[in-house]
Each structure stands twice: as C-alpha cells, then as structure tokens.
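This is what each chain is made of:
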Amino acid sequence: MSSTSEKFLVGIFDDEDILLHGVEGIRGKGVKIHEVYTPFPVHGLDEALGYKRSRLPIAAFLFGLTGTSLALTMQIWMLGFDWPMIIGGKNFISLPPFIPVTFELTVLLAALGMVATFFIVSDMKPYKTPRSYDIRSTDDKHVMAIDLAVNKLSKEEISQILKANGASEVNEKNF
Amino acid sequence: MQATSSVRESLITGGKTVRDVSEDISRHVENKPTGSWWIAMGISLILFLFGFYCLATLLWEGIGVWGLNKTVGWAWDITNFVWWVGIGHAGTLISAILLLFRQKWRMSINRAAEAMTIFAVICAATFPLAHMGRLWLGFYWALPLPNTWGSLWANFNSPLLWDVFAISTYFTVSLVFWYIGLIPDFAVIRDRATRMGNKTRAAIYNALSFGWDGAAKTWMRYESVALILAGLSTPLVLSVHTIVSFDFATSVVPGWHTTIFPPYFVAGAIFSGFAMVLTLLIVTRKVFKLEDYITIYHIELMNIVIIITGSIVGIAYITEFFVAWYGMVPAEFYAFYNRATGPYWWAYWSMMTCNVISPQLFWFKKLRTNIAATFVLSIIVNIGMWFERFVIIVTSIHRDYLPSSWSMFYPTMYDLGEYIFTFGLFFTAFFLFAKFFPVINMAEVKSIIKSSSEKKH
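Residue numbers (the working numbering), protein chains in the order written: chain H, 1 to 175; chain C, 1001 to 1457.
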C-alpha cells in the first residue's frame, strides 16, 4: 500500500433487502464496489457482488486426506513393523481397530487445516486492527465502500447512484 | 426475503431490532459484575479450592485414597468421566447437527451450549488423568510418543486409546467451532468499546476478534467454514460417546458386553446434555434478562428433545434386560437381576425413575412450557444420568464370577472431593464465560431478526 491517501465513498444501508437490491442496481450502473461490510451474513450478497464460491471445502478435503493417511501410516508402521506386539492373538495389522483413531485424526486435521487456511486467506490474526469504513458496520448498518480511484464516474455521480439505490447516508472516508 | 410463518412461533419476542441485539447481549460484558455474580463465583471458587485440595492429596498419596478395591477397580472416577462427557454432547449437537438441519432455534442457545460442552469435556478429562496417579507420565501412556522402552508404542487396539483420540479431537474441534462463532461478536464489543472510548476493552476485544471486519467476502468464507465444521462435527459427536461406550462394550464383563451400547450411550449423552443446557440457560436468561431471546418456545423444543432421547434410553434399559433373559447366559442374566434387586437396587430404581419416568411428564404441554417444572426436571435428569453410569459401572463389577471376590464400593472424601472439584471448575469457567463473552450469538440472531422476530404491533 502506498502512503498517499486513498479516497473512498461509503454508502450506508439500513436493511439487508434494500442492500441486496442496491448492490445489483449500483453494479448495473457500472460502479465498481470495493467491498460491503455487514453485521451479519446476508444471503445472496456474495452472488450479487459476483464473488466466486469459496474453495475452502477443497482445502478441508485435502487436510482430511492427509489426516487419514497419516493416521493409517502411523498405526501400521508402529504396530506392524516397528514393534509388533501380540495382543489377544490378533493380527499385527488389522484394519478395524485402526478405524477410530483414523477417523478422529481425519476430522482433526480437516478442521484445523481448514480453519488455519481461512485465517490465512482472510488475513485474520490477533492484534490486527481492521480498516473501519464506518464503525456501525458491526452493529446494525450495512456499509458499502467504493474506491474512487478505480471508478471512472465522479464522486457526485456515484453519490447520486448510491442514494437512488437505497443508501440512507453517503460519506467520504480517506485513509 | 421477508417471510413470516404463521405456523411457527416467533424465536425472538419483544419486537427487537438489530440494534437492540447488540445492546442487549453486549450489556452484561460492558457492565460491572453484579453482586449475585460475585456470590456465585465465590461459591464456585470455594468448591474448586476444596476439590483442588482433594486432587492434590490424591496426586501426593496415590489413588489409594479413593474407595476402590480389588473387585471394584473403576467406580466414581469413570462414572463422573462418562457423566461429564455425556453432558458435553449437547453443545456441538446443537451447533452442528441443528445447523445442518437448518433449525433456526439453535441460534439463541448454541453459544452457551458450546461453552458448556468445552468446560464439561475439561472436567471429564480430569478423571482419567487423576486415575493415572502419576499424570505427568500420562503423555507417554496415552499418546504414541517415542520413549525409552523401545520405542514401545501405545496400543492402538485398545478402546481406551481410541478414547484419548476421540475426546481430544472432540475438544479441539468444539473449541475451534466455538471460537470461530465468537469472532464476529468480539468485533461488536470491540467497536462498541471504541465508540464508548474504553481503550483497554477495545484493545482486548480487538486481539480476540482477530481483526474481523465483516467484509462480504470474509462472511462468505466464514459460512463455508461453519458448514464444513458442522459436517465434520456431526459424525464426531456421534463417534465420541460411541467410543466411550466401547470402553465397556468391548470387554467381556457381564452387563458391559452389549452391542446396543453405542446408540444407547449417544442417546443418553444428548439427553443429559440438553438437561444441563436447560439448567444453565434458565438461570442465564433470568440473570441477564434474555427472556426475549431464549423464549419459552426454545425451552419447549429442548424439552421435546429430552422426551425423545429419554424414551430411547428407556427402551435401551428394557432391551438390555430382555436380551439378558433371552440370551440365556447365567452370568449375564445375574448381572441384570443383581442390578435391579441386589444391594444397589436403590441406585437402579433412582435411575429408572429419573430417566424413564420423569421425562415422560413433558408430554404435557403445560409442564414443558413451565420454567420451574423444566428447571427441576432438568436437574432430575442429570441425577438420573449419573446413576445410570454408576449402575452400569459399579453393579456390573462388584459381584465378580467368584463369590469370594464379591465386594461393595464405598466412596471416600476424595472420591467426593474430585467430583466437587469438577463442579467448581465447571461453574467457575461458566461464570467467567457468562461475564466476559457474549452469551448469545449476536451475528446469527441478527440474521433472523427479519424472518423470525415478533413484530411490534
């Protein structure tokens, strides 16, 4: 990020349905939306903004697969090869008793791996202070940020479009 | 998408707005703790300290201070362990399985239920750790770590080792699930603190909120994470008590060697977990004045879960008895006959009364929508579930195959002390949670305000 100031236009929406229609209308006018900040998940907002589906499930699957293979390799190597023990005359390597630990490690690695990936891709960490376009965005307002540098339309024109599409306030915010 | 159903009752009453949700739920985090909070906390800490003394004595002297003997080598320790793990089943069931079934009523109760789960699992874990005697060596006995005996690895054929993996995975995944849910709500408190000019609180909750900004993209990923975690936790919840039941079911002890144990234990766990959620939430909603968020309708739905799981447990008790008779194995039949008529008959009939008869009272709508009746019954259910584990464990082993090894189990002060220790730990943790964390998931409740809230007339 350069140190020169970035200029944003911030539209405030009071209601999630107005916001959803507003996003469509505003994008329809050719305004590029930087991001929308909402106090709770608004269903359909990701599609309205044109976001692609998250690939986190794929990450979870791959981490889970790692857990499965790790658990099986560990148990087969430890009890089958490194130090085979006779336990009730059973086979050294038998799959059924290995299933519980394999299942648990699959779930554990899938869950932890996916959550770690989520934190990394979303750049979330303790002591990170987020950029706040409007502090009410965690309370009850839906906040739409529009980067003026990437939009061809003038500030006044975008402000008009925001108001016409349901924004209750339009403010300016510089960083 | 404004849809108001005429069939279902409102999940949030009092004509709340999105703004009110932040206000009502954050208030108790921001206000100074009340006198009753300090009293409750003081009592919990006294229990904790007394229990800690008993635990320290146990670690110093060895497990001989417990009332165990050669015949009854497992008694209150494992009873309390299974009891706490069972209680710990409701939280993740509510947040995971009910999420997959799109049950919106989970939203007001999942946060507190998950917290309860986490604390209950910690309490449960103290018993096997204490039973190890030298718990600092427990890591080598319970985990496959390289050691100086070979390495002689842990035995993966043992259900006790499966339990170590099951409980620790369950604890970790539940903790992560709970924390993920807390992040947006910590951000609410952070921003409110910033607006109020409380810099210390803003800094603490900023660190806890991991820099949450509520961006649409982050919410999209967040929902994806929540859904996958729910999908992973659903079989996990079922696996944990299944594996706990394997501790008994894979043995050859009459009374334990039963194939119906896994579903029977899982149903019992959900039964006791919901009862504990009710006990805690009835108090919490009153103290924090959350009657508009945790409504009578929520309580009624939880009571319905109690009827269902309580009935499954009742059928399991009867099935066990039938199979013991029908199987024609004298030792097996005697184990059950002895349960109902032997020296522990009072424990058996307490269990039957509390678990089989009392939840049937909830068929009456008047009772299941009555707060006082629900509160009393929720405690009775957990007393019954404690007796269930005691009956299964102690009555099955106290009369061994040879009458010369028959024995009784009498708890000592240290058996009792360890149990009290976990109560102290549980309630101290829960009161700290209730004071410093938002007890209701604000973001989720806000998302259903439009569809499920009672409108102002």
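Simulated from the structure, these hints should not be mistaken for lab results. What you are looking at is a predicted structure, and each value in this text was computed from that prediction instead of being measured. Backbone N, C-alpha and C fix where the C-beta goes; we use that ideal spot for every residue, glycine too. Careful, some of the hints might be misleading.
[As the list claims (entries may be wrong)] Quick look at which bits of chain H chain C covers, simulated, 3 or more residues with Cβ under 8 Å:
no., segment
1, 80–90
2, 151–160
[Unchecked claim] Taking lysine to aspartate or glutamate and the EDC-like style, the derived pairs with C-alpha atoms no more than 20 Å apart in a straight line are:
no., chain 1, residue 1, chain 2, residue 2
3, C, K1199, H, D134
4, H, K173, H, D134
5, H, K32, H, D147
6, C, K1217, H, E157
7, H, K125, C, E1223
8, C, K1016, H, E169
9, C, K1289, C, E1061
10, H, K32, H, D134
11, C, K1217, H, D82
12, C, K1217, H, E156
13, C, K1217, H, D134
14, C, K1450, H, D15
15, C, K1016, H, D123
16, H, K152, H, D134
17, C, K1217, H, E24
18, C, K1450, H, D147
19, C, K1016, H, D14
Consistency of the hints with the structure:
{"no.": "1", "hint": "80–90", "result": "holds (count 6)"}
{"no.": "2", "hint": "151–160", "result": "violated (count 0)"}
{"no.": "3", "hint": "K1199/C / D134/H", "result": "holds, 18 Å"}
{"no.": "4", "hint": "K173/H / D134/H", "result": "holds, 9 Å"}
{"no.": "5", "hint": "K32/H / D147/H", "result": "holds, 8 Å"}
{"no.": "6", "hint": "K1217/C / E157/H", "result": "violated, 26 Å"}
{"no.": "7", "hint": "K125/H / E1223/C", "result": "holds, 18 Å"}
{"no.": "8", "hint": "K1016/C / E169/H", "result": "violated, 23 Å"}
{"no.": "9", "hint": "K1289/C / E1061/C", "result": "violated, 47 Å"}
{"no.": "10", "hint": "K32/H / D134/H", "result": "holds, 19 Å"}
{"no.": "11", "hint": "K1217/C / D82/H", "result": "violated, 48 Å"}
{"no.": "12", "hint": "K1217/C / E156/H", "result": "violated, 27 Å"}
{"no.": "13", "hint": "K1217/C / D134/H", "result": "holds, 17 Å"}
{"no.": "14", "hint": "K1450/C / D15/H", "result": "holds, 9 Å"}
{"no.": "15", "hint": "K1016/C / D123/H", "result": "violated, 33 Å"}
{"no.": "16", "hint": "K152/H / D134/H", "result": "violated, 24 Å"}
{"no.": "17", "hint": "K1217/C / E24/H", "result": "holds, 16 Å"}
{"no.": "18", "hint": "K1450/C / D147/H", "result": "violated, 31 Å"}
{"no.": "19", "hint": "K1016/C / D14/H", "result": "holds, 15 Å"}
Checked against the numbered hints given earlier, this structure breaks hints 2, 6, 8, 9, 11, 12, 15, 16, 18; the rest are met.
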